[in-house]
Structures are given as C-alpha cells and as structure tokens.
Amino acid sequence: MTAPLLDIRDLRISFQARDGQWAEALCGIDLSLEPGKVLGIVGESGSGKSIAMMAFLQLLPRGTRVEGSAKFRGEELIGMAPARIRKIRGKAIGCIFQDPLSAFNPVKTLGQQVVEAIRLHDRTISKRDALKEAERLFELVAIPQPARRVRQYPHEFSGGMRQRAMIAMALANKPDLLIADEPTTALDVTVQAQILDLLGELREELGIGMVLITHDLGVVAGIADEIAVMYGGSVVERGATEPVFYETAHPYTAGLIGAVPTLDGTGALRQIEGTPPSIFSRPPGCAFHPRCGRAGAPCPVDTPRLLDRGGTACACHFPLTETAEAVRPARVLDGDPA
Amino acid sequence: MLAYIVRRLIAIPFLLLGVASVSFVLAQMTKGDPLAALVPERMMSNPEIVNAVKAEWGLDQPLPLRYVTYIGNLLQGDLGTSFTTRRPVSTDIAERLPATLELVIAAMIIGTALGLSLGLLSARFRGTATDGLARVFALIGSSLPIFWSGLILLYIFSVRFSIVPGTGRLPPRVTPPPDVTGFYTIDALIAGDLPLFTQALAHLALPAFVLGWAVTGIITRIVRSSLIEGLSQDYARTARAKGAPERRVLIGHALPNAMIPLLTILGFTFAYLITGAVLTEAIFAWPGIGSYAVRAAASLDYPAIGGVTIVGSVAFLLANLLTDIAYAWANPRIKVH
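Residue numbers (full-length UniProt numbering), protein chains in the order written: chain D, 1 to 338; chain R, 1 to 337.
These aren't lab readings, by the way, just hints derived from the structure by calculation.
Predicted model only: the values in this text are computed from it and were never measured.
A few of these clues could be false.
Derived CB-CB ranges, DEER-like [said to hold, decoys possible]: (1) 1(R) x 82(D): 39 to 49 Å; (2) 13(R) x 142(D): 25 to 35 Å; (3) 156(D) x 180(R): 41 to 51 Å; (4) 6(R) x 82(D): 45 to 55 Å; (5) 200(D) x 333(R): 32 to 42 Å; (6) 201(D) x 333(R): 30 to 40 Å; (7) 256(R) x 142(D): 26 to 36 Å; (8) 234(R) x 82(D): 12 to 22 Å; (9) 290(D) x 320(R): 53 to 63 Å; (10) 156(D) x 161(R): 52 to 62 Å.
For every residue, glycine included, the Cβ atom is placed at its ideal position computed from N, Cα and C.
Kindly generate the complete structure, drawing on both the sequences and the hints.
Here you go:
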C-alpha cells in the first residue's frame, strides 16, 4: 500500500467567540487521500469542510485553535513553522477558491499574479520566462488567446475563464495536491460542468491528488474516488463514491442525495427540513438528530461514532442499510449498555 | 482619456464664473465697510474725500453694475486691484502662490511619506505596541493646533537648539534666486547656487514638517484601515495560499488596493492646504496665499477675496481632476469616458 498523500487524524478546530467562549468547529475528523486520487468532501455551509483544509495550510485567522494531526507526504503540517509551510503552500499544495473574482487581486493583471505564484518558489526564473510559463498554463486550462489574456485584469474575464485562470495559477508549480474549495459554486451551471471536466482531465493528465470541497453531491459524483460527508463538524459518512451513493447508510447523506435534481424528473425533489446548526449552538448527541426522521432515544444523548461497515463508514445509531456488523446497536459496540 | 481631460478642463472656466459670482455676492452681503481700508480714519468725516474714493473704486455704482463690471474684467483675466496693497490682485497672487505651493508640496511629501510608513507599520503589526505608537504619533499631529505645535517646534528646533533657522523663506537680506518656478529651493538649484539651496531648504523644513505632520493623521488612518481591510480580502488569502510571506501580501497586494482611497484623501488635502495653510504661514512668516487671504478678509478687500477664492477653486478643481486621472491609473476597473 502506498503512503497516503494526505493523512488527517483527529483534527480539531476551535474558535473563540467574542465572549471568550470556545466553540468547536471541527470535532476530530479522520481523512486520508492516496496520491492521484480525488476526495470529495460534501456538506452544508458550517459543516467544517473548508476550515479543515484551511487549518492545515495555516490559512485560518489568528486565535483559532487547531489540534490533531495532518500529515502531507508523511510530514506533519500542524504547528509547522510559517517559513516552512510557505514553501509547501502554492508549491506542493495548490488551492482554488470559491469566487474567482474576489480571489484575484483586482488591480493586477492575471499574468502578474501567475508570475508571482511561479517566482515565489523559484527566484531564478526571470519575469519574462515566468510570463511565458503563465501563457502555457493558460493554454493548458483551455483559455483562448493566452498571450493576450495574461495581460488582462480579472474583471475582463468571464466567471468561467477566471476560474480556469485560478486553476492555472494553482497548477503553476506542479503541485501533488490540489485543494478546490467550492470551485464551481459561483459559476453558471453549464460553466460548472466545463470546470469539472477540466479538473477531471487535469487529474488524468497530471496525476494530481485532489480534495474537492462542495455542498453539492452532484459535483463530486462524477469525479471523486472517495467521498466524505460532513455535518456539524464531523464526518458522518465516508467511503468509495459508489457505495456512498448506492448503499447510503446515513440519513443525512440520503437527504443530500434526495435533494439532487434528476434529469428524468422521477420523484419529487426532497429537502432536508431545518437548517444546519451554528457551531455555538450545536445540539448534543448526534448533531443531525433534530432534523432526522429516524432519530430515536439514543440520538440526542449519545454521539454516534464513525463505524466501519465494510466499504463505507457511517456515524449513525439507525443507519439505512444494515450490515452484519452494524445490526448490533452502536451502544453495545461502545461497551455501554444502558 | 484625453477627451475626458479636455472636457473637464473646458468646464473649469464656467465653474469658476459661478464661484466668482457666489463669492462676489457673499462678500457684498457681509456687514462692514471696505472704505475703512481705503480711507484713513481721520478723513472719514470728509464726505468729499469719501465720495471721491468711492468713485475711484467704483463703489458708488449700483450692485448689479458692479457685478457686471467685475465679471467682465474677470473674463479678460483682470482680477482687479487690491484695496490694501493697491496693486493688481493677480500680481499679488503670482508673487505669493509659489511660496504656498512650495510649502504645501513639501508638506504633502512629508505627510504622505510619514502617513504611508506609519499606516504600513500599523497594519503589519496590528494590535502591538508599534501599532499603538504609530497611531498616537499620527493622532497627535492632527489634534495639536498648528499655532501651538508650530510655536513649540519653532522654539525647540530654532530658538533652543538652532538646528533650523528661524522664520521666513530665506535669511534676512539674502537675495532670492532668479525667478523661474518661484520655488526658492528649485530656483536655487537651477541657478546652481548650492549654499542658497541649503538655506532655502533649511527654512522650508520646519514649516513643511509642521503642516505635513498635521495631515499625517488622516493619511495614516486611511492607509491603515484600507490595508487591514485588504489583508482580510479573498485575494490576500489567495496570495498566502500561493506561499507569499505576510510582508509581500501587505506590500504587493493590500497596498496597491489601498491607493484608491489614499489618492482621494491626498487630492482633497492638497487642495485644502492651498488656502488652509494660513496658520503655518502666519507662524513662520511665510509670505503665502493664506496670510494674504486672512488680510483680505479682515479688511473686506473685495478684489483680493475674489482672487483668493478663485485660486482656491482652481486648486480644488485641478486636484479633483488629477485625482480622477490617478484613479484610472491605480484602478484598472475604472474607465473614463
């Protein structure tokens, strides 16, 4: 078995509110990614999916408490010295953000910004050569007329083209890992599909590992090898893409799948009632229980653990699909018969 | 762009006519008698002399006629003759404006350099003692009245320690350099007279610092808050994700975006100082436009008031135009048509 590209163990993140009270935004998650694979992290806003990635890149605001472990190619990132992690950011790990308009500096040309990304990690490249490289990258992400486009400003690009430029910039130093934080959310539906196709192609061509963060299960379905579904700061279901879709165990995952429109129009679009909890008022026990149709007596008191069910892992007292191991109630597994 | 500038320049004379009209009416509405400046007090009781003076200066004419005459003269570039100096207002202004411009430009350079540096320091080390010190220094400059800070600094640096010379633009009985720009420092350089340049610069240093320090506060504030806002923007996060060190995020990304609000405040401050440097000019015996304006207002010298108003308006209009042009340079999203 190859060593994982990214290995996250018991990652916990807490924020301090104005009143000095600490609130846990991420309650200890485990995730790992093999080189060249795509991991889709799915969840509603506030589920902790983005901050998990921002945390090990040390891109969270000061005053955030990050505990646990996140190893990149075996090297611990949590607590790494700023000078050291800067060598990894933008070099071995590239990032794409949600809104490519605000993510680019409005007063600099896209060429200048890609050139900066290149020269931050290699001072020996001249600006002229770096600009040539920027043109090549623009061509790689299928931006037409790259020589002209590198001289333009972000506002002169369409949303889709901007996101392509963002991807080009993230690829500038041939990273091993690409973190895409809601890369298609700010785009039109047709453009979304194009960007996803592009990411899929790049992954095939360049063999980059990818973490794709999204609130839209439909986005990850076609491209991810594995999926982790997050809710209320925890991973509630995790596994290879197909079993997660076809042998869904967690009611929340099922709710998300039900909320994806189908082309043939069979079945009404279902929604999950209620709204996700704020990190300051997270319900006790299973964070999803107030919105869950299957919630029973243990749910409000006992936080279910993520249990391996063969193929997928699920954190639920009443999973939808029964497996030999999961037939027994979770509480017995915990060794705490109440 | 060029068409835009030309259009704005064409509009300036029309705006000035409006300004001149308003200033004319306002000056006439003030209570007080301009004759006080024209007729010695002991002759005021002599109606013959008073009437002769009135006729000489056109003050016996009805108001509308005086207005028409004034505007007519203005259109020919004639600002009238000052009641107090008895010289053409345009001559007075031409003589005093370069002094003010030299002072204000030097002050703006000092204020901008200080404000930018302090703002950068403040934003970089936000919440630390450095931030606090920088902000206090800037705040003191803008809260201290100039007539106080100017006098204190003059006392310390000139009287007590003789680091800089006293008031005025040059030492007494030193001949100014041949007039090219009217800026003694630059004219001395043009004349190749290095000792004279040093003297002029030494005289300029303290008043320019006092005036510059006074505008440092607002510049620091604008720079600091725009930079801090910039540092929390998405593009700053992108820069960090590319591996940029914090210093580079600040100077390479937040600073260019802070230029737009900074330019606004610089243009405005500059125009304001042209007529607003009065106190500095008074304390440092600087023969500029500000002290001229005060004397004109005090003696109801209508022509001089009008002249200074027009100079101030031109300064504002030009500063505004320059600011707009600079916007287009600083912000590629702005297109001028």
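To see whether the hints hold, each was checked on the structure:
1. 1(R) x 82(D): 39 to 49 Å: holds, 43 Å
2. 13(R) x 142(D): 25 to 35 Å: violated, 54 Å
3. 156(D) x 180(R): 41 to 51 Å: Check passed, 45 Å falls within 41 to 51 Å.
4. 6(R) x 82(D): 45 to 55 Å: Given about 52 Å between the Cβ atoms, the range holds.
5. 200(D) x 333(R): 32 to 42 Å: holds, 33 Å
6. 201(D) x 333(R): 30 to 40 Å: holds, 32 Å
7. 256(R) x 142(D): 26 to 36 Å: holds, 29 Å
8. 234(R) x 82(D): 12 to 22 Å: Taking Cβ atoms as reference, residue 234(R) and residue 82(D) lie about 20 Å apart, which means the hint holds.
9. 290(D) x 320(R): 53 to 63 Å: With a Cβ separation near 58 Å, residue 290(D) and residue 320(R) satisfy 53 to 63 Å, so the hint holds.
10. 156(D) x 161(R): 52 to 62 Å: Taking Cβ atoms as reference, residue 156(D) and residue 161(R) lie about 57 Å apart, which means the hint holds.
Against the hints set out earlier in the document, a violation occurs for number 2 only.
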